[in-house]
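Asks: Going down the list, the protein sequences come from chains A and B. Numbering follows this note's numbering, with no gaps: position 81 of the first sequence is 81. To convert, count from 1 in the second sequence and add 1000; that's this note's numbering.
Careful, some of the hints might be misleading.
Stated by the list, open to error - Here are the simulated lysine-lysine pairs, DSBU-like style, with alpha carbons at most 30 angstroms apart:
#1 1118(B) to 1055(B)
#2 1074(B) to 108(A)
#3 1021(B) to 74(A)
#4 2(A) to 1118(B)
#5 1108(B) to 1118(B)
#6 1118(B) to 108(A)
#7 1074(B) to 76(A)
#8 1021(B) to 1118(B)
#9 55(A) to 2(A)
#10 118(A) to 1002(B)
#11 76(A) to 1108(B)
To be verified - Stretch by stretch, here's where chain A covers chain B in the computed footprint (C-beta under 8 angstroms, at least three residues):
#12 1008-1017
#13 1056-1065
#14 1093-1103
#15 1126-1140
#16 1145-1158
#17 1163-1173
For the record, the hints were derived by calculation from the structure and aren't laboratory data. All figures in this text were calculated on a predicted structure; none of them were measured in a lab. Note that beta-carbon positions come from the ideal geometry of N, C-alpha and C, so glycine has one too.
There are 2 protein chains.
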Amino acid sequence: MKQTAYSFPVIGIIHSCFKEKFGIPRQPGLAPLAKAQLELLSPYNDPAAVEGLEKVSHLWVQFVFHANEWGGWKPKVRPPRLGGNQSVGVFATRSPNRPSPIGLSVVKLDSIEAQHGKVILHLSGVDLLDGTPVLDIKPYVPYVDQVSEAVNLIAADAPNTIDVVVPEYLQGICTEYQLRTEIPPFAIDYTNFATRPQACLPRT
Amino acid sequence: MKQTAYSFPVIGIIHSCFKEKFGIPRQPGLAPLAKAQLELLSPYNDPAAVEGLEKVSHLWVQFVFHANEWGGWKPKVRPPRLGGNQSVGVFATRSPNRPSPIGLSVVKLDSIEAQHGKVILHLSGVDLLDGTPVLDIKPYVPYVDQVSEAVNLIAADAPNTIDVVVPEYLQGICTEYQLRTEIPPFAIDYTNFATRPQACLPRT
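The following block holds chain A by itself, in its conformation from the complex:
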């Protein structure tokens, strides 16, 4: 009898600027300034385990789509990318509603903090919800992972950005949102805002 399921430990947790699913970029890299910290959990928080990572610019993060309340899957999904009214096989998409809800994101590794018993990887370009459990991290290996001849006709290009001018009074609503979601005060560049946030950075 073959094993029909496998269990994996949570090696780390994401501390992210995205406190709600709403507003998270659909893919990593779309909001290059979106920051997160990946904190390794005991017993995986051994500084030796990340030795050499400073030679690597980008990481694969394999994580759990933990905020998928439904938790089930259907053979066909309606990805937002296709306007939400066209259905396609779940395995042809990156939808979180999949049999094994394991997410895969490539993110930029900005720096590594290993002190006082903590190991924290500082990431940017994330599309990761705050509190996301991480199963594994791997170095991006360009000569393997950059498949120059790859074609994907379902999602051929990055979604368009739309320049949005945000009236000053709306900043109050943003502040209310920040307070409600307990995000530290933001410094948002309203002069270059888009339908997807370009940045969510603590004000310095």
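Starting from the known structure of chain A, arrange chain B on it as the hints suggest.
Replies: Using the frame of chain A, we list chain B on its own:
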């Protein structure tokens, strides 16, 4: 109390030309002609679940390193890439000996076979052991997954190939190996053989 582990179903199984760990390419894409079939298992073998995949040239396969007999992990590993005598943090490598032994390979999707209650994806460029349990498949999305600015100084380039001239009498040993491992007879191009197999194709 946070959940410390997650369980995922096996959605498919790999039927591969690689019947033993020995000789498997270190990464996908290194042996472009190495073939495998990914057979979806019930209840995931619904043709609807792969609809649209024909628009995608490459797939991410997330799989279990099931033949890792030890099953443990250590903070530092000695990857063959570094000659086996230099150690580096496990998270800076793609070593199978990791806390969550989930493998990640990008492979070429040659064709999709969906008939008689079976759904089989024909793959090439694989580095996957026969019998590998598959947890998830995702489409390669070039605009996200091709990170042109990525740098990895541990594994900067593909390993060198070495031209090897194989004497005719050695073909007998190869045949014996094929019989022992129950691989169908091979057509190996001995004129362009390398230390890693360029091909392992059933003879047509």
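Asks: Are any of the numbered hints broken by this structure? If so, which, sorted upward?
Replies: Result: hints 3, 6, 7, 9, 17 break, sorted rising.
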